[in-house]
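Asks: Now for the letters of each chain:
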Amino acid sequence: MSGTIYTETLIYAAPEQFVNDAPYQLAIVTLEDGKRLTARIASEKSGERVQIGDKVELAEYRDGIPFFRKV
Amino acid sequence: MRPVAVIGIGKTAFGAFPDRDLRSLAVEAGRKCMEDAHVKPSQVEAFYLGNFAGPSFVGQNHLAPYIAGAMDITGVPCTRFEAACASSGSAFFHAVSAVGAGLYDVVLVGGVEKMTSQPTPKVTEILAGAGDMCGEGRAGATFPALFAMIARRHMYQYGTTREMLAAVAVKNHANGAKNPQAHMRKVITMEQALGGKPIADPLTVYDCSLISDGAAAVLIVPLERASEFTDKPARVLGIAQTSDQVALDQKEDITTFKAVKEAAQKAYKMAGVTANDIQFAEVHDCFTIAEIVASEDLGFVKKGEGGPYALQGCTALNGPRPLNTSGGLKSKGHPVGATGVAQICDVVAQIRGEAGERQLQRHSLGLAQNLGGSGATAVVTILGAAA
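Listed in order, the protein sequences are those of chains L and U.
Heads up: the first sequence runs through residues 1 to 71, numbered per the numbering used here.
Heads up: the second sequence runs through residues 1 to 387, numbered per the numbering used here.
Treat the hints loosely; a few may be bogus.
[As the list claims (entries may be wrong)] To be clear about the criterion: a stretch of chain U counts as covered by chain L if any three or more of its residues have a C-beta under 8 Å from a C-beta of chain L, and this derived list gives those stretches:
id, segment
1, 117–124
2, 142–155
3, 188–196
4, 230–238
5, 258–272
It should be emphasised that the hints constitute simulated quantities derived from the structure, not laboratory data.
Positions of the beta carbon are idealized from the N, C-alpha and C atoms, including for glycine.
I would like the entire structure built from these sequences, with the hints used as guidance.
Replies: Structural data, given as structure tokens:
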């Protein structure tokens with residue numbers, strides 16, 4: 001599954017269950033079929049951030065949450 | 001529908017009040033409102049309450065009769081409305097509809113939230129429940145994050161800048177500093193607003209509304225009976241509530257709130273006015289970007305021009321169209337369930353000429369815009385001096 005970043009943010013103030021993940025990047029991805037999906041950006045190793053227009057692909061699901069990474 | 005008038009307003013101060021419980025805040029606002037309109041509890045025919053998350057914030061349910069009973073209002077319909085941050089805007093819409101339809105004559109509408117008894121991460125989590133908890137919420141979205149993503153896209157499509165966002169915060173703090181009931185009566189500079197602690201990039205703490213305790217109430221009657229209670233009624237000229245998808249990722253264009261545009265068009269049509277006629281407005285600035293988007297969706301400026309409009313001072317107290325003379329959610333505070341009715345109180349106070357240091361010269365036609373979640377509920381109300 002791949003797509004394009006429609007918008008993104010870097011979250012510093014997290015809800016209670018994600019406090020240990022902060023800061024983490026969240027994005028809305030426009031998938032190839034035109035549908036949109038809210039996903040996390042996998043960046044643990046690279047520290048990489050994505051921007052609007054970047055091409056991304058699904059890296060993995062963790063606890064049912066889709067994580068995308070830059071192509 | 002028969003015409004409806006607001007005959008009484010009452011608010012608590014907004015702030016962090018560790019010694020106050022939810023009910024005492026709501027009761028204070030309700031009693032002030034009844035006093036303002038010279039209405040006795042026994043005259044109230046129905047109580048409509050807006051509250052977002054009392055059960056989560058303070059563990060209390062069955063809130064409408066719980067609060068009404070403490071004001072000696074019993075034996076009548078008492079109902080709670082929940083529509084995220086538009087909870088009391090929605091309560092007001094339904095109350096006006098009921099009075100307009102002839103179901104009741106004297107109706108009290110309240111709004112309350114008690115938020116500060118929980119730590120901030122818990123508040124963030126409870127507020128996130130106004131979004132889609134199977135999608136964006138599960139992925140770790142917060143409300144600041146949803147509006148940060150709106151801001152990012154608005155910047156990308158229209159060239160909106162951080163300075164334009166900060167200009168909204170600076171202006172609303174300047175207004176709130178003049179409001180004795182505001183939560184944060186503090187003037188801030190552009191440098192402070194730009195250098196705030198990051199919350200969700202590009203939004204800093206100065207782009208976010210406050211976590212507040214507070215309550216507000218208004219009394220409405222059919223216009224034909226308003227003179228029995230007050231010599232300064234404000235007429236509800238137009239009102240509409242609309243809805244859209246809850247999840248941000250289900251909206252085609254996130255730089256606009258379709259529900260707000262539709263509610264505004266309906267309310268303008270009902271009132272027989274256009275956006276240009278509106279002299280001032282209380283808009284839902286839960287985040288600075290939301291005020292910029294509101295100025296566009298309400299038709300005050302063209303799409304994409306809300307940022308420069310704010311930066312140029314057009315929305316300041318002395319500008320051509322003042323927005324949030326109360327200080328807005330940013331400075332006045334945002335006890336979410338109270339906000340919709342508090343906005344009505346603030347517009348009515350301007351219409352009556354009772355806004356003190358913030359009183360406008362042109363104040364006969366005002367608008368209130370209340371937003372739920374990231375735009376799934378919108379309520380737009382147009383109020384005018386009853387000639």
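Asks: All hints, please: hold or fail.
Replies: Status of the hints after comparison with the structure:
{"no.": "1", "hint": "117–124", "result": "holds (count 4)"}
{"no.": "2", "hint": "142–155", "result": "holds (count 8)"}
{"no.": "3", "hint": "188–196", "result": "violated (count 0)"}
{"no.": "4", "hint": "230–238", "result": "violated (count 0)"}
{"no.": "5", "hint": "258–272", "result": "violated (count 0)"}
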